[in-house]
Amino acid sequence: MTVTGVAAAQAAGEQETIDEKKAVTYLEAIREGLWEEMEADESVFILGEDIARYGGAFKLTDGFLDHFGADRVIDTPISEAAIVGAAIGASHRGLKPVCEMQFIDFIAPAFDMLVNFAAKSRYRTQIGAQIVVRGPCGGGGRGGPFHSQNVESYFLNVAGIKMVAPATAYDAKGLIKAAIRDPDPVLYFEHKFLYRRVKEVLPDEDYVVAIGSARIAREGGGLTIVTFGQMVHKSLEAAEKISAEDGAEVEVIDLRSLNPMDDETIIGSVRKTGRCLIVHEAPRTGGIAGEITARINELCFEWLDAPVRRVTGPDTPVPFSPPLEDYFLVQVDDIVKASRWLLAY
Amino acid sequence: MDDLSQTQLQELYYYMKLTRSLEGRLEFLFKQGKIVGGLYSSLGQEAESIAAAYALEDGDWLGPGIRNLGALLVRGVSPKEMLLQYMAKADGPCRGKDTTTHFTDPVRGLVGPISPLGTMICVMSGVALSFKLRREPQVALTFIGEGATRTGAAHEGTNLAAVQGSPLVLIAEDNGWAFATRTHEEVANTNLVDMAEGYGVPGVQVDGNDALAVYAAAKEAVDRARGGGGMSIIEVKTYRMKGHAQHDAQKYVPPEELELWRARDPIDRYISYLTAESLATESEIAEMDKRIEAELDQAVSEAEASPMPDPVSALSGTYADAPPAELWAREL
Ligand SMILES: Cc1ncc(C[n+]2csc(CCOP(=O)(O)OP(=O)(O)O)c2C)c(N)n1
Numbered sequence: 123m124t125v126t127g128v129a130a131a132q133a134a135g136e137q138e139t140i141d142e143k144k145a146v147t148y149l150e151a152i153r154e155g156l157w158e159e160m161e162a163d164e165s166v167f168i169l170g171e172d173i174a175r176y177g178g179a180f181k182l183t184d185g186f187l188d189h190f191g192a193d194r195v196i197d198t199p200i201s202e203a204a205i206v207g208a209a210i211g212a213s214h215r216g217l218k219p220v221c222e223m224q225f226i227d228f229i230a231p232a233f234d235m236l237v238n239f240a241a242k243s244r245y246r247t248q249i250g251a252q253i254v255v256r257g258p259c260g261g262g263g264r265g266g267p268f269h270s271q272n273v274e275s276y277f278l279n280v281a282g283i284k285m286v287a288p289a290t291a292y293d294a295k296g297l298i299k300a301a302i303r304d305p306d307p308v309l310y311f312e313h314k315f316l317y318r319r320v321k322e323v324l325p326d327e328d329y330v331v332a333i334g335s336a337r338i339a340r341e342g343g344g345l346t347i348v349t350f351g352q353m354v355h356k357s358l359e360a361a362e363k364i365s366a367e368d369g370a371e372v373e374v375i376d377l378r379s380l381n382p383m384d385d386e387t388i389i390g391s392v393r394k395t396g397r398c399l400i401v402h403e404a405p406r407t408g409g410i411a412g413e414i415t416a417r418i419n420e421l422c423f424e425w426l427d428a429p430v431r432r433v434t435g436p437d438t439p440v441p442f443s444p445p446l447e448d449y450f451l452v453q454v455d456d457i458v459k460a461s462r463w464l465l466a467y
Numbered sequence: 008m009d010d011l012s013q014t015q016l017q018e019l020y021y022y023m024k025l026t027r028s029l030e031g032r033l034e035f036l037f038k039q040g041k042i043v044g045g046l047y048s049s050l051g052q053e054a055e056s057i058a059a060a061y062a063l064e065d066g067d068w069l070g071p072g073i074r075n076l077g078a079l080l081v082r083g084v085s086p087k088e089m090l091l092q093y094m095a096k097a098d099g100p101c102r103g104k105d106t107t108t109h110f111t112d113p114v115r116g117l118v119g120p121i122s123p124l125g126t127m128i129c130v131m132s133g134v135a136l137s138f139k140l141r142r143e144p145q146v147a148l149t150f151i152g153e154g155a156t157r158t159g160a161a162h163e164g165t166n167l168a169a170v171q172g173s174p175l176v177l178i179a180e181d182n183g184w185a186f187a188t189r190t191h192e193e194v195a196n197t198n199l200v201d202m203a204e205g206y207g208v209p210g211v212q213v214d215g216n217d218a219l220a221v222y223a224a225a226k227e228a229v230d231r232a233r234g235g236g237g238m239s240i241i242e243v244k245t246y247r248m249k250g251h252a253q254h255d256a257q258k259y260v261p262p263e264e265l266e267l268w269r270a271r272d273p274i275d276r277y278i279s280y281l282t283a284e285s286l287a288t289e290s291e292i293a294e295m296d297k298r299i300e301a302e303l304d305q306a307v308s309e310a311e312a313s314p315m316p317d318p319v320s321a322l323s324g325t326y327a328d329a330p331p332a333e334l335w336a337r338e339l
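So the sequence lines, in the order shown, correspond to chains P and Y.
Plus 122 on top of the position in the first sequence (first one is 1) and you've got the numbering used here.
Plus 7 on top of the position in the second sequence (first one is 1) and you've got the numbering used here.
If a hint is listed, it holds; no wrong ones were tucked in.
List time: in silico DSBU-like cross-link candidates among lysine-lysine, alpha-carbon distance up to 30 Å:
| hint | chain 1 | residue 1 | chain 2 | residue 2 |
| --- | --- | --- | --- | --- |
| 1 | Y | Lys41 | P | Lys181 |
| 2 | P | Lys143 | P | Lys321 |
| 3 | P | Lys321 | P | Lys144 |
| 4 | Y | Lys38 | P | Lys181 |
| 5 | P | Lys144 | Y | Lys258 |
| 6 | P | Lys321 | Y | Lys258 |
| 7 | P | Lys143 | Y | Lys258 |
| 8 | P | Lys181 | P | Lys143 |
| 9 | Y | Lys38 | P | Lys321 |
| 10 | Y | Lys258 | P | Lys181 |
One side only, chain Y facing chain P, incomplete, derived with CB under 10 Å:
| hint | residue |
| --- | --- |
| 11 | Asp105 |
| 12 | Thr106 |
| 13 | Ile121 |
| 14 | Ser122 |
| 15 | Leu124 |
| 16 | Ala160 |
| 17 | Thr188 |
| 18 | Asp255 |
| 19 | Tyr259 |
| 20 | Pro316 |
| 21 | Pro318 |
| 22 | Val319 |
| 23 | Ser320 |
| 24 | Thr325 |
Just so you know, the hints here were simulated from the structure itself, not pulled from any lab data.
All residues carry an ideal CB built from backbone N, CA and C; glycine is no exception.
All chains should be modelled from the sequences, with the hints used to inform the complete structure.
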């Protein structure tokens, strides 16, 4: 190696350490997005259980109370229906509340407020509910049946609620900002397994990720995998394995937004590859994969060279014990197997 | 305590100490990485949980919360079962599907709670309703944290039991904190007993760290319910001496508050009572402690040796009459 080569390598190394320092986790990205929106717009405020004094069960809002004060960072009683209901009322007065569900499983008591009040508000009265309800979802944390669920399909059949589920720190920040600025109710699902496991350097300038736009996380011509959240990472791993071992290239679409869904990106990819696998963590029956399959069927049946398949959780609650939970959760090998089946079809 | 024999009074001590020691073992195992998921403690609250459950009789039903391990021990659950449950073992009461106090056993009259708070009051009001409908002289007892009283479900369940006159005893536990939120931030009137007036049922407030006071109040409420007098609310004032769960170092708790409540420790107080009233000698107490440690030694080693569940069992048990769930494309 030449002297300049070494210097360049050192410089690159230094650059890497600097970038490593600047890289923010998925959790920090959500936090930054919230923080910046609260700085920029004083009508934004947050409410939820243990979010102020404690800074949230996952410490996502740590420091918010000191900076923004108790009027805008509100510890509520254990009353999810009141949290969401009050958010709707406040939004009618021009405020932009962001509600935290300590775990997204506890959105259940707020179901009525969401599906009957928030979702139908604009349609009935022409006055929408500009609220965000966010919280940690997903398994892998040994949380058992009530701290591990993915709830998107509970809400999928409800017109009037948008849903997003970021997989990367970049999208986590861009989507929380978009959600806060969106005039309608947005459910924001953050996968707790990703909180501190994914990291990247984010742009300095303000940006949003448009709700309703998917992202091609990996390009390929042999097969399309449509997925979101934590399963994006497992699907990418599977795609690399297939590329290395089989020489086939898998395209991975990260939906980012579950409702509205980016049909165009899905269809564009499936028309190119002719094969599609849908992967999600939630159980199979009534899961979002069914909806995606139907859309592909309706929009590009003629381009298909194989039946659309899905790899999902089985139709059971999320079990607690590690061997059971690991078996319940979709693993990289499950995706590889199903991909190979489709590629060989 | 007139209606408790010396043996029973000693037994109350046994359960309090057993609970504390078992939780100590659980904490130790947690630090060794042998406990799966979260671990919750009832340190400092053992008396209310145990004394309330002690007022129940054979055939009565109990719906514990997450911090009512002591109540479960009183109702016949063994330390080994709790260890298996927390270690996510195959032979635990939930077979590894769920954890903590979350198990149901109709034989022993236990209903396992779910995590979403407040829901238990609705379900236990239904258990109580069944006693009423069947004209059976039994009682249901359940616990609710001051934080959880603020859920819609808690209100609906309490009200239903009240208007139905169901034989339900509700122990409302004010332990100062709901995770990191103080009682007065959960409920504007911190005298939870005043809920009773609103619901139109008898209510009483007692010192939750005084086992015998809790027992007396619970006994009265249980007897009333059994006699057709409907539901009652008992508020117990106590204190959560540990963080919300193991992961919470409770830095937000003023140390002087912990000091104050340490001086009110329910077990220390109970020992003073037993010895002062000559109901147990110090050596009898030491003897019980020794027995407890031996029991726990055995329970821990049996639980540790017990196997983890077979992964495939994850697919079974969702329905009574359906084959196991399928893996579909994952089996290709
Ligand atoms: C509906 C619902 N929302 C939030 C939670 C998360 N959570 C679990 S325990 C807890 C605090 C409970 O406080 P309290 O009822 O006073 O009981 P304690 O823990 O003090 O015994 C919270 C907020 C939950 N389990 N259920």
